[in-house]
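J.: Here the protein sequences line up with chains A and B, keeping their order. Note that our numbering has the first sequence beginning at 1, numbered continuously upward. Note that our numbering has the second sequence beginning at 1, numbered continuously upward.
Restraint-style ranges between C-beta atoms, simulated for each label pair:
hint: 1; chain 1: A; residue 1: Asp133; chain 2: B; residue 2: Pro199; range: 53 to 59 Å
hint: 2; chain 1: B; residue 1: Glu289; chain 2: A; residue 2: Asn184; range: 29 to 35 Å
hint: 3; chain 1: B; residue 1: Ser220; chain 2: A; residue 2: Ser124; range: 46 to 52 Å
hint: 4; chain 1: A; residue 1: Asp139; chain 2: B; residue 2: Asp147; range: 54 to 60 Å
Note that these hints are calculated values from the structure, not bench results. Predicted, not measured: the structure shown is a model, and the values here were computed from it. Quick reminder that beta carbons are idealized off the backbone N, C-alpha and C, glycines included.
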Amino acid sequence: MKRRKFIKYSSFASIGASLFPMSIVEGLGKQSASHLIQLSAASTQIRHGALNLPFAEFLKSELPFDWLVDVQQNIFFKDGFQRNEAEDMNVISIALKEKENFEALQVSIKGNEISLLWKDQYVSLNQMKTIQDLPFEDDTYTFQLVKLHTDQSIEFDQDPKRSYFIQVLDGEVLNGSNLLNSTNGLGIISESKPLALNARVNSSVLIISRLQGI
Amino acid sequence: MAQLKKLKKILPAFKVNMGGIVLDQALPHKKVDMIDPFLLVHHLEHKFDNNTKQANAGVPPHPHRGFAPVSFVFKGGVHHRDSTNVSSVIYPGGTQWMHAGKGIVHSERPAKEIAEAGETWELIQFWVNAPAKYKMTEAKYVGLDKDKTPTVCLSNDNVEVGVVAGQFQDLKGPIETFTPIMALRLTFSETGEVDIPVPASFNGFVYLLDGALTYNDDTSLKAKDLAWLDNEGEIVKLKATQNTRAILLAGEPINEPVATYGPFVMNEQSEIMQAMRDYQVGKMGKLDEVFE
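Could you build the full structure based on these sequences and the hints that come with them?
T.: Below, the structure written as structure tokens:
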């Protein structure tokens with residue numbers, strides 16, 4: 001699979017919120033559009049966590065693409081019954097369409113360590129470059145992690161043949177007038193102009209892309 | 001002469017909210033995360049409102065992987081359904097022993113007639129870890145009724161001992177386990193007493209559902225106490241000062257790394273993430289409950 005490195009790092013110290021204004025999509029299938037979605041709050045799980053929320057098998061109308069099936073967040077208590085922010089395991093599960101079914105990307109954040117599982121491929125990172133291509137072999141999707149310090153900005157060119165889903169794993173970033181954090185996600189279809197992210201605090205961002213039309 | 005086992009600690013159970021169900025949790029505890037191979041002890045007692053629908057009560061479908069959740073039923077009845085198409089109701093005195101293996105989805109609801117009549121159910125659920133080499137084997141459920149549980153009466157019939165797993169006197173429990181486990185159900189009338197041999201290599205504890213016991217003639221145990229046994233010594237000596245119901249669980253420690261998060265118990269965090277993924281894509285099966 002040929003992966004295109006589409007992100008370039010910018011040395012801008014800050015970026016104006018109005019520099020790259022975003023439009024909100026009115027319906028699916030529109031070209032050059034972005035769509036901010038709200039996510040359900042993370043569910044906390046004690047040791048006998050019921051975890052009885054099934055994954056949706058059908059497209060949710062508020063999701064920006066037909067290839068993004070669902071996003072769920074769970075916080076598993078390390079000691080089994082009470083919150084410990086440094087030790088608990090936060091897991092974001094992102095269901096992505098795979099042929100007639102779906103696969104579920106798992107992203108775990110525990111302290112400074114980010115671990116990801118895609119199908120049977122697992123990677124764990126505790127020291128990251130600003131931009132990190134994830135070494136997952138896949139014919140359909142690409143995965144990148146972006147790590148930004150407070151006030152750091154990044155700008156990247158988008159491939160007009162791909163659509164992107166941007167999920168903040170930790171922290172807060174500005175994209176135009178959109179404030180992105182772990183309670184929302186941004187879907188982008190065929191933007192022909194660069195996309196910019198500006199971190200308001202130390203942040204980690206996951207970017208998933210997929211070729212359109214397959 | 002066999003030596004009496006001392007106690008390491010007494011852990012009083014505390015209330016936790018498990019998705020809207022409030023119960024007493026003796027393990028994990030602030031002071032103790034697990035007593036290898038036991039990871040959890042939950043004590044639930046609840047009276048239903050009249051005309052409660054079974055579908056609206058108990059714990060709905062959820063997954064497990066890597067260990068055995070076990071329920072001792074004391075009041076009412078527990079209806080187990082699972083993704084291997086098992087539907088089983090167990091009543092007081094009985095046991096539901098389920099090895100989750102590579103994955104299973106199950107629900108635990110009150111028996112239909114218990115819920116509708118507004119009666120009470122009471123159960124203890126405890127978790128028994130499995131060694132790594134057995135965590136991904138096929139799931140298996142065993143429902144053991146009271147009349148299939150070997151039982152002996154002692155101390156002028158003031159003590160009844162039910163043997164679910166392991167050995168007590170000449171009784172062998174019917175449940176087969178991957179590692180040596182002793183699981184006993186104890187019922188005392190006041191003044192009943194019993195000496196229970198427990199190997200020094202076993203980790204174990206006694207948990208009281210109610211009543212009061214004297215341990216080794218020198219330590220008082222009350223309702224909802226978990227008495228963690230020391231390894232030194234081979235005899236657990238219990239004497240009731242009130243009518244008492246209790247359980248004794250002991251087992252050979254597995255001594256492997258444990259990653260326990262939510263409903264999964266594996267050895268490493270990556271395996272927990274794998275369990276999440278496998279559950280979400282349907283590899284642990286699906287449970288469509290059918291209610292009468």
